[in-house]
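Keeping their order, the protein sequence lines are chains Z and C. Going by the numbering used here, the first sequence opens with residue 1, and the numbers climb by one from there. Going by the numbering used here, the second sequence opens with residue 1, and the numbers climb by one from there.
Hints are computed from structural coordinates only; laboratory data are not their basis. Ideal placement from N, C-alpha and C gives every residue a C-beta, glycine not left out.
Computed list of lysine-lysine pairs in DSS-like fashion (alpha-carbon distance at most 25 angstroms, straight line):
| id | chain 1 | residue 1 | chain 2 | residue 2 |
| --- | --- | --- | --- | --- |
| 1 | Z | K204 | C | K148 |
| 2 | Z | K277 | Z | K263 |
| 3 | C | K181 | Z | K148 |
| 4 | Z | K148 | Z | K351 |
| 5 | Z | K307 | C | K74 |
| 6 | Z | K181 | C | K181 |
| 7 | Z | K69 | Z | K126 |
| 8 | C | K241 | C | K204 |
| 9 | C | K58 | C | K69 |
| 10 | Z | K148 | C | K204 |
| 11 | Z | K58 | Z | K86 |
| 12 | C | K181 | Z | K204 |
| 13 | C | K58 | Z | K204 |
| 14 | Z | K307 | Z | K263 |
| 15 | Z | K74 | Z | K86 |
| 16 | Z | K351 | Z | K277 |
| 17 | Z | K181 | C | K148 |
| 18 | C | K176 | Z | K204 |
| 19 | Z | K69 | Z | K58 |
| 20 | Z | K58 | C | K204 |
| 21 | C | K58 | C | K86 |
| 22 | Z | K181 | C | K204 |
| 23 | C | K307 | C | K263 |
| 24 | Z | K74 | C | K307 |
| 25 | Z | K176 | C | K148 |
| 26 | Z | K113 | Z | K86 |
Here are a few chain C residues that sit away from chain Z, every Cβ distance over 12 angstroms (derived from the structure):
| id | residue |
| --- | --- |
| 27 | R87 |
| 28 | R140 |
| 29 | K241 |
| 30 | L353 |
2 protein chains.
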Amino acid sequence: MNGERLGRLRDLLVEARVEGLIVSALPNIRYLTGFTGSNALALVTRDDTVFFTDGRYKVQASLEVRGAKVIVAKASLVRALMGSVKRRGLRRLAFERRRASFELYDTLRRGLKGCRLQPLAGAVEKLRAVKSAAEIAIIRRAAELNSKVFETSLREIRPGRAEAEVAARIEYNMRKLGAEKPAFETIVASGARSALPHARPTHKLLTEKELIIIDQGVILDGYSSDMTRTVAVGDLGRRAKRVYQAVLEAQLAAIAAVRAGVKARDVDRQARITLEKHGLEETFVHSTGHGVGLEIHEAPRLGRSEKVRLEAGMVITIEPGAYLGGFGGVRIEDMVVVTERGCEVLTPTPKDLRVL
Amino acid sequence: MNGERLGRLRDLLVEARVEGLIVSALPNIRYLTGFTGSNALALVTRDDTVFFTDGRYKVQASLEVRGAKVIVAKASLVRALMGSVKRRGLRRLAFERRRASFELYDTLRRGLKGCRLQPLAGAVEKLRAVKSAAEIAIIRRAAELNSKVFETSLREIRPGRAEAEVAARIEYNMRKLGAEKPAFETIVASGARSALPHARPTHKLLTEKELIIIDQGVILDGYSSDMTRTVAVGDLGRRAKRVYQAVLEAQLAAIAAVRAGVKARDVDRQARITLEKHGLEETFVHSTGHGVGLEIHEAPRLGRSEKVRLEAGMVITIEPGAYLGGFGGVRIEDMVVVTERGCEVLTPTPKDLRVL
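Next up, chain Z with everything else stripped away, as it sits in the complex (with noise of 0.2 angstroms):
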């Protein structure tokens, strides 16, 4: 598995002209080599992978990773990869332009003198993009866990309840049933609250005829997962209801936009159109979806202006969303995972309004 990952980086090497990579992106670092600590640096060259840690890490590396030689480093891990770097008699390496810390440029370029140091932006990120059969039964049991999560917590949500209880509730039950831990911070905003796209849990008490926001997510086997569902604990008026109508209604859209080829941004498109028939295009404050793997959020963007092009295997979420100030707000997410000819939706949750 990491013999084929690290075929397809060293490919990506080769074009961009540098005889290496240094990895210090640690979900970069797990996915080339599979160490799940927290300590770790890795130099893939043409040739060779090598991994670098820590004495705390020595057993767990040696359980853990595979198709890399492993140096347990003494003292700083950076210094050991400079010495790698120096008896292999590299001249010419990139390293991670967006991941990489300044202190870790400023050391190597210090330490490196006589070779180029060549900033490289998302290599490891675009193989990740794509995921493996394999990595997608992971995700489809993440998501099918988070599903199960949600339809645990719901039989506990009642009037008078905090949001926060709630959600601790939610964290509570995913453990119980089997997940890591939650992928991201649980969200439950209700009322006046749920407008808030970024929400936090809070001490406001849940009511009835409100709407209520949960997404929710949860990590399995290394993998997250990602779900929004909106609810209610009694019935709504009739603003709420066709707020949800169109927010489904875009959300429906926009998957069925979904294929390998088509850009990014048409699948974004696809959800504001919707939203513009019904007059909800303004209160659409964020894009329409991401990739969802080893990160919670991940290649590719569903924004606006995304050229990128979709394609099979990528695992994304699609979640319109509409907030309506001082009224409440709809999101409704899915994770969905891009095909040939369109995508397969993982998310098992049914999807219209529940009223508890």
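Since the structure of chain Z is already known, use the hints to place chain C on it.
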């Protein structure tokens, strides 16, 4: 409050001979301006402070930010910041060496040709290390809440329950009792797994007569707490009890060494000397403690070779441990605030061996 912090930072800028600092680390921005959102930059000059965020945070910034001019950037925050630098005619600015990404540095370097950029390490972190009376009051409450969560959760520990479930219950109790969220992933490590200092909770079931390490912290009003206790279900054997007493003795010896003016490494040394007396020096594989505040790990570090002197108002953990491969481990951790004459322990939970 922010005015005083900004004043102290300006003194450091004069010392570093720069006209201002570009702040990119979010905890540092929060410390200086009060902003709690997830996207921001700040420019602190000798004369003024400018805060930059995006449209999503317009309302939040106006509610939270004090002592700085707020600019809501239409496009990129960095571009808005570079505009402010140019309008002020600044020619020598520092940026955060350890916290800035290479990408931020590279964008600044290209966009600010007439301005000299100088990396500066740990300026705001240095201020943050010494807490005000108001900060200590919040941290005290966070430590007390953490202990309350621990007591509540102890009642839910029993043989046959998985480590991961106990961890999930602890985190649920955190929220239930009013915490913002866990300060880090709660550790519950039992039996031979307690010998792994960085163990993550697994599906291993708790059994009787084994060591169980519980390391937990809550965030309250933005400030973290951190505590470790080692407990047992059913009576432990003599060896485990001996290790427990040795670690407790080491922890008390380290606490007794804390005082303003003492070097961090001398506190660490007291823990090591004590463990050495019990033949356990080799089993203590990490440092004795770290600062805690807006981040769970911050300055100062209490390691073997840290020469920094403790100052009154620093809040640090004291957490020696002994890890015996294949057998089990013990760690005991409190938070203390450094005073002129010694320290005050902020963690109210007793430290005698608890057999449940």
